[in-house]
Amino acid sequence: MDPFPLADAEQVVSRARRGDQAAIEALYRAFEGPVYNVARRICRSVEDAEDVSQETFLEVARSIRKYRGEGSLWGWIRAIVASKSLMRLRRNRYRETEELHENVMPRRREDGLLRMDLEAALERLPDVSRAVVWLHDVEGYTHAEIGEMMGKTTSFSKSQLARAHERLRRWLGEEVAV
Amino acid sequence: MTHLTMDQLLELRDGLTEPGGAAARAHVAHCPHCQAELERLHQRVAQLKALPTLTPQRDGWAAVRSRLVKARHRRFAWGGAGGLALAASIALVLLLRSASPMPPSSSPTTQAELEAAMLESRLLEEALTQYAPERRVTDGYTARVAAELEDRISALDQELQVTQMAPAPDGDRALLELWRQRVGLMDALVNVHLTRASNVGL
Numbered sequence: 129m130d131p132f133p134l135a136d137a138e139q140v141v142s143r144a145r146r147g148d149q150a151a152i153e154a155l156y157r158a159f160e161g162p163v164y165n166v167a168r169r170i171c172r173s174v175e176d177a178e179d180v181s182q183e184t185f186l187e188v189a190r191s192i193r194k195y196r197g198e199g200s201l202w203g204w205i206r207a208i209v210a211s212k213s214l215m216r217l218r219r220n221r222y223r224e225t226e227e228l229h230e231n232v233m234p235r236r237r238e239d240g241l242l243r244m245d246l247e248a249a250l251e252r253l254p255d256v257s258r259a260v261v262w263l264h265d266v267e268g269y270t271h272a273e274i275g276e277m278m279g280k281t282t283s284f285s286k287s288q289l290a291r292a293h294e295r296l297r298r299w300l301g302e303e304v305a306v
Numbered sequence: 138m139t140h141l142t143m144d145q146l147l148e149l150r151d152g153l154t155e156p157g158g159a160a161a162r163a164h165v166a167h168c169p170h171c172q173a174e175l176e177r178l179h180q181r182v183a184q185l186k187a188l189p190t191l192t193p194q195r196d197g198w199a200a201v202r203s204r205l206v207k208a209r210h211r212r213f214a215w216g217g218a219g220g221l222a223l224a225a226s227i228a229l230v231l232l233l234r235s236a237s238p239m240p241p242s243s244s245p246t247t248q249a250e251l252e253a254a255m256l257e258s259r260l261l262e263e264a265l266t267q268y269a270p271e272r273r274v275t276d277g278y279t280a281r282v283a284a285e286l287e288d289r290i291s292a293l294d295q296e297l298q299v300t301q302m303a304p305a306p307d308g309d310r311a312l313l314e315l316w317r318q319r320v321g322l323m324d325a326l327v328n329v330h331l332t333r334a335s336n337v338g339l
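Protein sequence lines, in the order shown, are assigned to chains R and B.
Note that our numbering has the first sequence beginning at 129, numbered continuously upward.
Note that our numbering has the second sequence beginning at 138, numbered continuously upward.
Calculated directly from the structure, the hints in this document are not laboratory data.
Mixed in with the good hints there might be a few duds.
[Claimed, not checked] Here are the simulated lysine to any residue pairs, SDA-like style, with alpha carbons at most 25 Å apart:
1) B/K186 with R/E303
2) R/K194 with R/A150
3) B/K207 with R/E303
4) B/K186 with R/R145
5) B/K207 with R/D148
6) R/K280 with B/P156
7) B/K207 with R/R190
8) R/K194 with B/K186
9) R/K194 with R/V174
10) B/K186 with R/D148
11) R/K194 with B/Q295
12) R/K280 with R/D176
13) B/K186 with R/E267
14) B/K207 with R/R145
15) B/K186 with R/R157
16) R/K194 with B/P156
17) B/K186 with R/G161
18) R/K194 with B/E285
19) R/K280 with R/V266
20) B/K186 with R/R172
21) B/K186 with R/A150
22) B/K186 with R/R190
23) R/K194 with R/D179
[What the hints assert, rightly or not] Residues of chain R clear of chain B, computed beta-carbon distances all greater than 10 Å:
24) S173
25) W202
26) R218
[Said to hold, decoys possible] Computed spacing ranges between beta-carbons, pair by pair:
27) B/L256 with R/K280: 24 to 30 Å
28) B/C168 with R/D136: 17 to 23 Å
29) R/S142 with B/T139: 55 to 61 Å
30) B/L191 with R/S142: 28 to 34 Å
31) R/R218 with B/T142: 44 to 50 Å
32) R/R145 with B/P189: 30 to 36 Å
33) R/R193 with B/G321: 27 to 33 Å
34) R/R298 with B/L191: 47 to 53 Å
35) B/A208 with R/E294: 19 to 25 Å
All C-beta atoms in this analysis are idealised placements derived from N, C-alpha and C, irrespective of residue type, glycine included.
Generate the whole structure from the sequences, applying the supplied hints.
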């Protein structure tokens, strides 16, 4: 089921295919929020997320003729924003300075006062790891799909997810005593 | 006791069947530590999905629309070049026809009118190219009207190409009608840019 249904979607898409700007704006208004959310969860900065969102809707306007109604409209648009976000990560070439990420983390104390919340911990993850966590655990992409989008293997996606969860567990102070 | 790795726990959480999956499941059934880890991973997905939706700080539609209009102008610039090429190829056809010993498919008057319409269209296009609207600040209303006119001209160019490839029964009269329509639309487009849309009653 489409989590972001659009009223009169068929008609809006048909008009957008003919270049009707009002229809493209209707698509923008309907999906602006979820598109930005995916972009922001993957990209490092607000500016990147805003830019990726714009590029996503430009691509939607350019490629709407290719959308044949197979699968949900949101699924189609989400694939575009996910791909654009990953491209942005590659373009920016944020260095995966894992040691830095480790070092800037507050150390957990016995009383747990310096534990991070999930939002902050997610933000601290290396870019690729964060993208894999979001695409797999929240958006529901498979490891094979993520690997393909990233130009990597399925195993790469799996190992990134495992390392990310190990970090989250540690940073959130949730390691179970053995 | 050796506990499951994070990879193995995630495989179990996601219901993936990997070699050794049965052994991992058997281990979890008897290991409170791994049971707790697995439960935490299930909860993590729920926690991630429950994070607040991040929303843009400002309305980005104006920026998207502006980039769409610019892209349309770029496309139209190519379409304009295509229109010139189209005019040149039709002129060549007319020239060959007039040089041919075969009787022309239309009267000399129609042919002269056709050439005049094509020339007028080309002059208007050159005037627009010199004005270079894509390098000027355009208000939203003007941009919208111009975009509509450009769309109609693009559609008309396609129709012209089809008519040229498969001539209509009434010979060059159909071509002439289409070229006159093109001149009218080009004229309106030039006016929109030169005088702004509000002054041309569109």
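*Would you list, in rising numerical order, the hints stated earlier that this structure does not obey?*
3, 4, 8, 9, 10, 16, 21, 22, 27, 28, 31, 34 and 35
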